[in-house]
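Trainee: Let's have the full structure, built from the sequences with the hints guiding it.
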Amino acid sequence: MADPRFYPDARPISAKAIAALVRGDLITGKGDVMATEVATPDAVKPGTISFVSKPKVIATMPACEGHIVLVLPDLASTIPEGATVITTPDPKSALGLVLREMYPAETSEGGIHPSAVVDPSARIGDGVSIGAAAVIEAGVEIGNNAVIASGALISRGCVLSDGVSIGANAVISYAVIGENTRIGPMAHVGNAGFGILRDGKNYVVNHIGRVLIGRNCYIAGLGSIDRGFLGDTVIGDAVMIDSMVHIAHNVHVGDGTIICGMVGIAGSTRIGRNNVFAATAGVADNITIGDGNMFAARSGVTNRIGDGQVMGGYPAVPINQHRRQVIALRRLAKSISKGDKNG
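Take any residue in the sequence shown, note its place counting from 1, add 72, and you have its number in our numbering.
In short, the hints are calculated from the structure, not lab data.
Just to be clear, a hint being listed does not mean it is correct.
Each computed DSSO-like pair below joins lysine-lysine, with the alpha-carbon atoms no more than 30 angstroms apart [unchecked claim]:
id: 1; residue 1: Lys88; residue 2: Lys117
id: 2; residue 1: Lys164; residue 2: Lys102
id: 3; residue 1: Lys102; residue 2: Lys126
id: 4; residue 1: Lys88; residue 2: Lys128
id: 5; residue 1: Lys88; residue 2: Lys102
id: 6; residue 1: Lys128; residue 2: Lys164
id: 7; residue 1: Lys117; residue 2: Lys128
id: 8; residue 1: Lys126; residue 2: Lys88
All values derive from a computational prediction rather than experimental measurement.
Mentor: Rendered as structure tokens:
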């Protein structure tokens, strides 16, 4: 159940409307049963909606009337009696759609806090909210209904399109950001990249590029995206980037790519569309990755990757090959251990 101190009351929605929304099938129960809150399977009660995608979860679900369950088709018959059952191929994603309806994103009420510093040359759209101690520098353009949280810094010349949200204490510089993109607290977009000239003294070279971020992206807190050296660092549309990810200068990330926590991507690498990088994966500089690949946690990508592969290990290889390598290494370690004991 959502804590009312943090979330508004949910908008009730009927089972019939839910089935239509998620394109599922209402197979048991009545279409007029209402969901007024969301619950985990072990905490269902009248008026709740939950989802089930694994058989072991069903054992925790009490028998109860008046609640709605989103479930895989082949598990529907195992749901306890009394539930209103809606089948869908992806119950978790279906619940995500329902959550959007029940708990819609809060809209900006607009207004600039008295302690915010806004340069007179900045262009501020309608309905923009600027929080306490935020700083908007000269030449900044902010679109309609954007939200700039407390303590954020939007450096000179940056462009934030309609509906952009910037978290508390984030720093945005040398950046153009597309519509409805969300950037979390303490993220840093547009820092100079780690381009070092080693002449015995070491210094960071000047970077004169930008960061271009597409529409409908999500960049979680504490992430870092460096601006380009001569060209631009480019993040496509609908890219999802988790906390503590670092993207170096001149990297290009294609539309729809998902990058999990603590991934590092080195400079000038080109990443295609719809890739998935699991946590702590690393990508070397100046390589090309195609479309639709998946990289396991702690993968180390050091060479060009084509399309549609599942990779793991360091250096990253096809996942089945990686598993065979792990098994072989374990067997080798056991044989060495036995040899030491016999010796």
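Trainee: Sort out whether Lys128 lies within 30 angstroms of Lys88, counting only the CA atoms.
Mentor: Roughly 27 angstroms separates the two Cα atoms, so the pair holds.
Trainee: Are the Cα positions of Lys88 and Lys117 separated by 30 angstroms at most?
Mentor: Holds - the C-alpha atoms of Lys117 and Lys88 are around 19 angstroms apart, at most 30 angstroms.
Trainee: Checking one constraint from the list: CA of Lys164 to CA of Lys102, max 30 angstroms. Satisfied?
Mentor: 22 angstroms, holds
Trainee: Can the restraint linking Lys117 and Lys128 be considered satisfied, given a maximum Cα separation of 30 angstroms?
Mentor: Holds. Lys117 to Lys128 sits at ~19 angstroms (cutoff 30 angstroms).
Trainee: Measure nothing beyond the straight line between the CA atoms of Lys102 and Lys126; if it is 30 angstroms or shorter, mark the hint as holding.
Mentor: 24 angstroms, holds
Trainee: Starting from Lys126, check that the Cα of Lys88 is at most 30 angstroms away, please.
Mentor: Given that 30 angstroms is the threshold and the Cα spacing comes to 24 angstroms, the pair holds.
Trainee: CA of Lys128 to CA of Lys164, is that 30 angstroms or under?
Mentor: 15 angstroms, holds
Trainee: Starting from Lys88, check that the Cα of Lys102 is at most 30 angstroms away, please.
Mentor: The given pair, whose Cα atoms are some 8 angstroms apart, holds under the 30 angstroms limit.
The structure meets every hint from the earlier list without exception.
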